[in-house]
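K.L.:
Spelled out from the first residue to the last, the chains are:
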Amino acid sequence: GIQVEQSPPDLILQEGANSTLRCNFSDSVNNLQWFHQNPWGQLINLFYIPSGTKQNGRLSATTVATERYSLLYISSSQTTDSGVYFCAVANTDKLIFGTGTRLQVFP
Amino acid sequence: GAGVSQSPRYKVAKRGQDVALRCDPISGHVSLFWYQQALGQGPEFLTYFQNEAQLDKSGLPSDRFFAERPEGSVSTLKIQRTQQEDSAVYLCASSLGRGPAGYTFGSGTRLTVV
Chain A
258 GIQVEQSPPD
268 LILQEGANST
278 LRCNFSDSVN
288 NLQWFHQNPW
298 GQLINLFYIP
308 SGTKQNGRLS
318 ATTVATERYS
328 LLYISSSQTT
338 DSGVYFCAVA
348 NTDKLIFGTG
358 TRLQVFP
Chain B
4 GAGVSQSPRY
14 KVAKRGQDVA
24 LRCDPISGHV
34 SLFWYQQALG
44 QGPEFLTYFQ
54 NEAQLDKSGL
64 PSDRFFAERP
74 EGSVSTLKIQ
84 RTQQEDSAVY
94 LCASSLGRGP
104 AGYTFGSGTR
114 LTVV
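Taken in order, these protein sequences are the chains called A and B. Quick note on numbering: this note's numbering labels position 40 of the first sequence as 297, and the sequence is numbered without any gaps. Quick note on numbering: this note's numbering labels position 114 of the second sequence as 117, and the sequence is numbered without any gaps.
Just so you know, these hints were derived from the structure itself, not from any lab. Check before you lean on any hint, since a few could be wrong.
Said to hold, decoys possible - If the Cβ cut is set under 7 angstroms, some of the chain A residues that face chain B in the computed set are:
(1) PRO296
(2) GLN299
(3) TYR305
(4) PHE343
(5) ASP350
(6) LYS351
(7) GLY355
(8) THR356
(9) GLY357
(10) LEU360
(11) PHE363
Here the structure is a predicted model, which means the values were calculated and not measured. Note that CB positions come from ideal geometry on N, CA and C, so glycine has one too.
Produce the complete structure using the sequences and hints provided.
P.N.:
Encoded structure:
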């Protein structure tokens, strides 16, 4: 099956800093999504981005499908950005999740 | 409803007890998925429905796990004779189209087997 690797595993930032999270995957995919899991466990869909670039406020994402990676950019981080960020991919009916990047933002 | 609703939010079961977890998907969503998330891990696929048809159950860990969606809307995940290793958060997600494009997840049910 598809392997999904995320880096870094842990990230500690001060409020206002920028960061880049990376997702590498091992096979062609027709779906890639970035999720934020908040400290209460809720998974929030950030981007559906099998290819190209999207932006939503302070967040943006880029997927280069031919090179099998995706990047999530967080600018001007806030304490509410804390949580775990998951990349998930699919080439069939099911999403395969990476192990996540745990982000902590301190004031 | 506005989102995917799961109940109960928390469930404590004694080892050997049967449990049933409910998922109400977004109205009109064709696809429904169940995932299991162990502590500190990413969610792992359990099973997938398209309307009432269970198209993929390859992720169910044993024959103690059973899922149904009889009318193509609400789904129930049943675990028989629960064991400690079943302790996890069970997440339900739904999608408007076929396949996983644009999933919306529920808040999950946290199952603790004691």
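K.L.:
Among the hints numbered above, which are violated by the structure, and what are their numbers in rising order?
P.N.:
1, 10, 11
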